[in-house]
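Hints in hand, dock the two standalone chains.
Chains as they are written, first to last, in this note's numbering: chain A, 78 to 325; chain B, 774 to 1382.
Simulated from the structure, these hints should not be mistaken for laboratory data. Source: prediction; values computed, not measured. A hint or two may mislead.
[Stated by the list, open to error] Some chain B residues close to chain A (C-beta under 10 angstroms, calculated; not the full set):
id	residue
1	Gly-881
2	Gly-1141
3	Asn-1300
[Said to hold, decoys possible] Derived pair list, reagent style EDC-like, types lysine to aspartate or glutamate, alpha-carbon separation capped at 20 angstroms:
id	chain 1	residue 1	chain 2	residue 2
4	B	Lys-1128	A	Asp-208
5	B	Lys-1115	B	Glu-1146
6	B	Lys-1126	A	Asp-97
7	B	Lys-1128	A	Asp-213
8	A	Lys-185	B	Glu-954
9	B	Lys-1128	A	Asp-211
10	B	Lys-1127	A	Glu-191
11	B	Lys-888	A	Asp-213
12	B	Lys-1041	B	Glu-1146
13	A	Lys-96	B	Glu-954
14	B	Lys-1127	A	Asp-312
In this text, a Cβ means the ideal position worked out from N, Cα and C, and glycines have one as well.
Below, each chain spelled out in residue letters.
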Amino acid sequence: MATATFRIWRGDRTSGALKDYRADITDGMVVLDAVHQIQAAQAPDLAVRWNCKAGRCGSCSAEVNGMPRLMCMTRLEDLPLERPVTIEPMRAFPPVRDLVTDVSWNYKVKTTIEPFTPRPPDAADGTWRMDQGDVDRAMEFRKCIECFLCQDVCHVLREHHLHDQFIGPRFLVHAAALEMHPLDVADRRAALRTDHGIGYCNITKCCTTVCPEHITITDNAIIPLKERVADQAYDPIRALLRVIGLGA
Amino acid sequence: MTAGGAPETIEHDVLVIGAGGAGLRAAIAASAAGVSVGVVCKSLLGKAHTVMAEGGVAAALANVDDRDSWKVHFADTMRGGQYLNDPRMAELHAKEAPDRVRELEAWGALFDRTKDGRILQRNFGGHAYPRLAHVGDRTGLEMIRTLQDHGIHQGITFYMECTVTRLLTDGGRVVGAFGYERERGRFRVFRAGAVVLATGGIGRSFRITSNSWEYTGDGQALAYDAGAELVDMEFVQFHPTGMVWPPSVRGILVTEGVRGEGGILLNKDGRRFMFDDIPPAYQKQTADNEDEGWRYTQGDKSARRPPELLTRDHVARCINREIKAGRGSPHGGVFLDIAWIKQRIKNAPEHIKKKLPGMYHQFMELAGVDITEQPMEVGPTTHYMMGGVRVDAETQMSTVSGLYAAGECAAGLHGANRLGGNSLSDLLVFGKRAGDHAARFSREQGKQRVVPAAQVEAASRAALAPFERSAGDGNNPYQVQHTLQEMMQDLVGIVRTRAEMERALEGLAALQARESRVAVTGNRDYNPGWHTALDLASMLVVSEAITRSALARTESRGAHFRDDHPQKDEAQGKVRHVVKRGPDGTMRLERISVTPPSPELQRIIEEQR
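The shape of chain B in the complex, shown without the other chains (with noise of 0.2 angstroms):
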């Protein structure tokens, strides 16, 4: 007997697990290609984290300035990764996104316009050209509006507040899913020709993070668990500003968009920090006086970029010096002013509010702050895993048949450090990939899909056991999560050392037993002590996934800052770093060497240096 009545078994071709921005553009892509397609959303239709992508969509459209181009853009990525991207990912993306953020303007988006009429783009870290198609600061709501609004007249069938805990596998094949609805905790096995993860990220393992409750790591861990290869899991990125008060809002992102739009970085001294620091890669391409950087955010093509437009890890890393060495602001971070801009144009506070509209309404409401007439407080926070599950790049499989991968769950694009704006052109095209191939995946395999029983009873037996046990000490689910939490943010986060993040491997060991005693009270109807219960053994998966692969890389590049390996290493730099669960159990780290460039794509990268 299955514990807890006979579960629900749902059949598709193409199972879609997560509805952000690739799920749901995988979606759409399987169902135009005429095969049966569930997805299913974690939360309500529309809430994913792509809803919070502030600054824009990353494609060389040229429409802004028409030196950009799909090589460019390519060339931008592959040295923002710092080269461990899988360079025909980074061609793909280059060469597709164009065609993809075209797409949605025909579904409806509404992106802000040239004088000309066609769409506008705007300047972002490490990117040479304005490149971005933005909708002022809310580009992520209007795209997964538009994939959403697009998406409910498809004929796709929609699963929403339900979680998949575990993939069901024939014969070294992904045959399905189990999981359970929220609203009644009633189990459900999916029946499928082929599973496309699209979960996103990762950062609730840690404090300080731009993510909500959501992103628990699961695609990786569902993958993981099937047998599958992660890859690049050491490199996260912590984005260089989120809020750091009032606490309660402490990881919520402040977009790069400000600085895109002249915001500059200070201390508490007044001093502009990050002209101090800039990298070797990067001094040819940016300003070395503050009224070359003002004229480059406006618009001129004769400036070069301003050091608060360097790549993610660098301008986070110089923060969290400034705050190390005492020099932060009253809450513990640096200020982000975009008011001074009133002293280079008239009607400056209606230009912010224009250009900066969920900003100004976050500070206003949040922390009683007027961006128009105060700067900021900001800080680093977790934002976006660049690695994930390794997958092939013109397909998205995974290396196990029939399981797909897109968008931030999966890995191979980024490299060691994604560029803002990266992740939304991604998602559309990676998306859709993964959409296709799976479509034709499903239908090679024919309709003979065989849910083994024994897999469904030992899904249902893991997901009902926290209620077999009594509550006691130490085993609330929500503690475990905080002590998770707590300890990858101090042990495994923007600055890594050996012996700390030796001590998170033998905490990491204490929560695995803590895991597999919590108990939660009360019934299966929407119930998040269960869900956050169930929740954990995705977090532990990823966070040792974490923790293994930035220990194993003795040397510090792009996201991945070692105290005791400051430098680069040339070696490593050749070298990325696969995990994957053992024949014992346990879980195995390997190095591969990262994938040559073909030699069009060497010159390209040689002719952009």
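If we strip away everything but chain A, and leave its shape as in the complex, we get (with noise of 0.2 angstroms):
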């Protein structure tokens, strides 16, 4: 039977290294099943987070040969296994154990974003009428599954570190969810621009790149946020206005 070479950080929160295990490839096997055949026969311990198996979930994201992927969605045969594949943990996020990163700072941060707020319903009976047309528009955004790929890979959080001032690539497409959501009446510009600093994106779109639910982040979530909250905070006409006390 083939096999090949699996280089894999093992470590904790202060220090770690690469280390090589072999595993046997079979048809069709994906990078998180030599990780499991390696946790089950050589490494018990080995610290890895999964669920489904189906690319639905979002769990068990890693650097694979250097590049943000799902280990369940990366088929051995794309890779080149001549050489050893290195699986490395998000590194946008602080270590915890081997393949595992502490992403709680993820799931404080959606708190701060502004909750879906409906209109009032449309209908006698309480319900709402919408085109499926509306309701597509918003779809995109709601495929996303949370697997911070997107945030492991934007500079901003990556290289310079300004978790307490950007919210990063996934929670500006949960607010373009909301934005763009056909009931949503909220206004979250004011926001966006200060406390989520959308200003900090400057569209080198690799968090598209990486997306494994294919959404076209910065063309079709940031940018438009973007446009939005500058239509608001620069338009001349409404700065006049507000400054007369005539409008937001």
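Below, the structure is given as structure tokens:
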């Protein structure tokens, strides 16, 4: 049976190193299978997060040969197996152990975004009428599986560590999903500009490149939000109206 | 002294164990009642198996077909469950599901729409009318994200990556839970006025399953250990269509929505074998030709459903039969073809990608199969547990005071077989009920919650025991788990016999002995070997409960099929099996009578036959 070498980061909060393991290769195998095989036979305490194994839950995020990927959706036949396959944890988050990182910051950030606020119901029975076209527009953003790979690759977070000033692509997508929800009436523009730091994004599109759900994060979510924010904050006529107390 | 240092003690009025749909809905309900709520999640928030639900949520909204009503939904659920269901639960479920779905929309869920802007509904197996509210094939993600995003603003405290290993009781009442957090392996003691179990399924007891590592039957086993009764444990749903190739994804679900949108099942000879065996109870409602079946999937109200949309138990057995008879696909499944619809509609590839985007993506990326061009290979996969904690229909309280259960880990709604789409409505309806009643119970009890120190001490010692043994032959936790999965798959799977199940009981006894010797290496920081070792106890309890209940049912009904008793037995159709721990610590099985429907409900059943 064919085998390959997997070079896996083993470590804890303070230190770690890459360690080589051999694993058997079978048809259609994905990186997560190799990790499981190594865990079951060679390294029972190898820490890894996973759940669905079908690219739907967003748990098994890691950096495979330096690329942020879901391990369950990365097929070995797409990797050069003559060299070791390097598997490291997401580097934008603090390491916990082996391939597991502390992603709790993401869960805190979400609570700071104003939640869904619907308009009053359209119909007497307390329900709403929505057009499929309007639903489809928000749908792209609602596909997000919260794997946080976009956060991992975003240089504002990864290199500049501006976690307390910038919410990252995942939560700009979340804000876009709410702002473009056909029923939502809340206005998140001011918060996006100040508390959420949308201006830090300089549209390098790395997030879009790594999104396993193929959400066009920059073009479809962030840029339209930037336009809305700019329209509200910097439109000279609006600014004038604000000065004389006639509008927002 | 408590082993491993004093555990952190946390207090809530209501503690919810599990953060899938049922747990989140229960937590939201309890929080709305004004009590303090904690939710323990085994994984990160939003990753629970609800996220994998694809087809939709069943509710008689009657948006697509105005002949639908709660009565039809109730009767469909009872027929699908072969009348072993708790009729009151089936009634409450059918009546309350529409409100629970509309409520999700008010919390931000976006469902696909009808032309006049209402929630669109699709056809599914066993449902007389288009009934499943859906969003393409990612309804579960939409539901769990809506509940999660609503829940985080309701003052609920979440304990992510935390596993409960034992419930704490005082004088026969549940007063809390003991568990560990994964990150550092530290123990936590939860004191609570009431506990809601919402831990989901048991699929990890089998080799081929759609379930993730979490589904080790924790809720069922925790309840059993606390003295509660489990019921209907022989009824394990094998979903007819799981992926069969490549090997690494064997078991991953292929939504019934593929068949709802016109997908057909074929054997290797190209024969549409589902027309060969239509059960008498469904003959009146099933198409007898391919054209009528197609028209049904496209919304023709005068057409009857294609046989691919018969109940899951039946479809799974037909597929099993084709494979066993040597008429299967190259990798041991059968073919599921949706690409054929290009003969019927224009733009079929775009239509398929729009209706089934997740399936397109899943097959393209994992199997290199373009489902708009080629058929899929599918076969049965362990999917859902109809049985579970025996609960009161109104309140969801188990037979132990202060202990509630909702969603998959509870039993009663689905009887011998669950209809697709009824699990998502189940978790909304009974999640809310469990949360409401747990909050009320907790209030009535006041704040007197004495957690017995001896139980905490014993739970700590049990949790640390695997570290104190030295690794040796046959006591690797992964090996024990693997042996259990192989054995249950081979001996207590989709087709069962007495001889095989008796062998399984012997095997389980041997595995119990091995479980008491498992050893783990490393330390307590995020150590999956240790977690796997601790999950074994739950897996063994539910595996034994399944096997004993399946041995006792000497007939074939719903999801339970006995090769040595292939027919239904009318007398056993009135009986359910309850298991609980006997005074000597061994598992006891008792027979109870099914709850007869009220005269009104009986009349509805008769009208809808």
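Next on the checklist: Run through the hints listed earlier and report the numbers of any the structure violates, in increasing order.
Outcome noted: 6, 10, 13 and 14
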